[in-house]
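Reminder that position 164 of the sequence shown reads as 164 in the UniProt record's numbering, one-by-one numbering, no gaps.
These are calculated hints, taken from the structure and not from any lab test. Any given hint could turn out to be false.
DSS-like, lysine-lysine: derived pairs with alpha carbons at most 27 angstroms apart [unchecked claim]:
1. K150 / K96
2. K278 / K150
3. K38 / K228
4. K278 / K228
5. K127 / K207
6. K150 / K29
7. K230 / K278
8. K207 / K228
9. K207 / K230
10. K150 / K228
11. K38 / K230
12. K96 / K278
13. K150 / K207
14. K38 / K127
15. K38 / K278
16. K29 / K278
17. K150 / K127
Simulated DEER-style distance windows between Cβ atoms [unchecked claim]:
18. A298 / L56: 20 to 30 angstroms
19. A91 / N181: 17 to 27 angstroms
20. K96 / P122: 14 to 24 angstroms
21. T162 / S94: 51 to 61 angstroms
22. R215 / G66: 25 to 35 angstroms
23. G131 / N167: 46 to 56 angstroms
24. G285 / T218: 39 to 49 angstroms
25. T245 / E64: 43 to 53 angstroms
26. G95 / A168: 43 to 53 angstroms
27. R34 / A183: 20 to 30 angstroms
28. Y216 / Q108: 48 to 58 angstroms
What you are looking at is a predicted structure, and each value in this text was computed from that prediction instead of being measured. The C-beta atom is built at its ideal place from N, Cα and C for all residues, glycine as well.
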Amino acid sequence: MSDEHHPKPNASADTSQQTEQTVTTASAKGEAERQTIKASRVLIRRVMDHLHQRHLDAGATETEIGFVNIVAHPTSSLPILNYVTPRRNTAWVSGKHIADGLVHLSQQSRPGVFYFPDLLFPPMFHKTLEGLGLENAQQTSIVAYDANNKTFIPPVPPTSITIQPTNAQQSMRIWWYIWRNHAYAVNTSSVDPLHLDYGMHQAKEGKQINLIVRRYNTPIGAARITLKDKTAHIATTALLREFHTPMMSNLLLANCLHYALLADNDVVFVSGLDDAQKEHTLALGFVDAGHIVCYAEAATIVTNAEGQHGSLAQPVFITQQRG
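Required output: the full structure, derived from the provided sequences and hints.
Here it is, written out as structure tokens:
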């Protein structure tokens, strides 16, 4: 009786199939990463538009030279209100245009400062700025939330805690108090000045949401959310140090997101968070939108502008009451 001969497994075919599956998986992963970056770039453009308009609303003016815009304030010397930045939808700016913008800024007795979103420019762009003698002075992280038909339900606070919007007069009083009081731990933005105005005209015009945190009806914290064209910035949060715990900070941040979405904003962002806070926002559905990078003729121009405003390590822009 002859032996039966069975065909041997085709090792070459198996290897080819595995290779094809690996390539397909890698391709799908690469496409997902590209879509994520694309979505983040859309968000950072919304962020930059929001901040740009905030600076103009604070009284800064704008001049266009080549492919840069020069933002300058007639009375305030805050770096975040006096800077050069790439024009919108610009993927590259020559060193000459940047230098021309810095000269224009110096003619207004302002030091050289340049802001740009790193997600929209290649890494070699840093070399261009360094070649102009500028120093990397600051990198402000940005996380953004795209509502995109999502339903967000904030966590329920303890029965002793309430977080609610407040009127202009109350918010003005508490922010002036916080500004002067070192008993508060304050999370602030270096790219959106805290505007203190006795008249609180911006709140009256609906450009802000101010929240107050109360424990048994006693104020223990606050938050300010700035608004523009369906984009909201959770710009400043503050809690009395004895209540400044991760649980309370996260609760306040989540409620800020909740109230920003209730106000019909479809993009909400936060700037300058530490790693733990950033991790919490990502768990809420925010995504990483890169950094807003600041180069300056001397890094101290920017760093010295922080930490000189009461308890706030944030630029503070003060205006008088309007009649």
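Worksheet item: So which of those numbered hints doesn't the model satisfy?
Response: Structure breaks hints 1, 5, 12, 17, 19, 22, 24 and 27.
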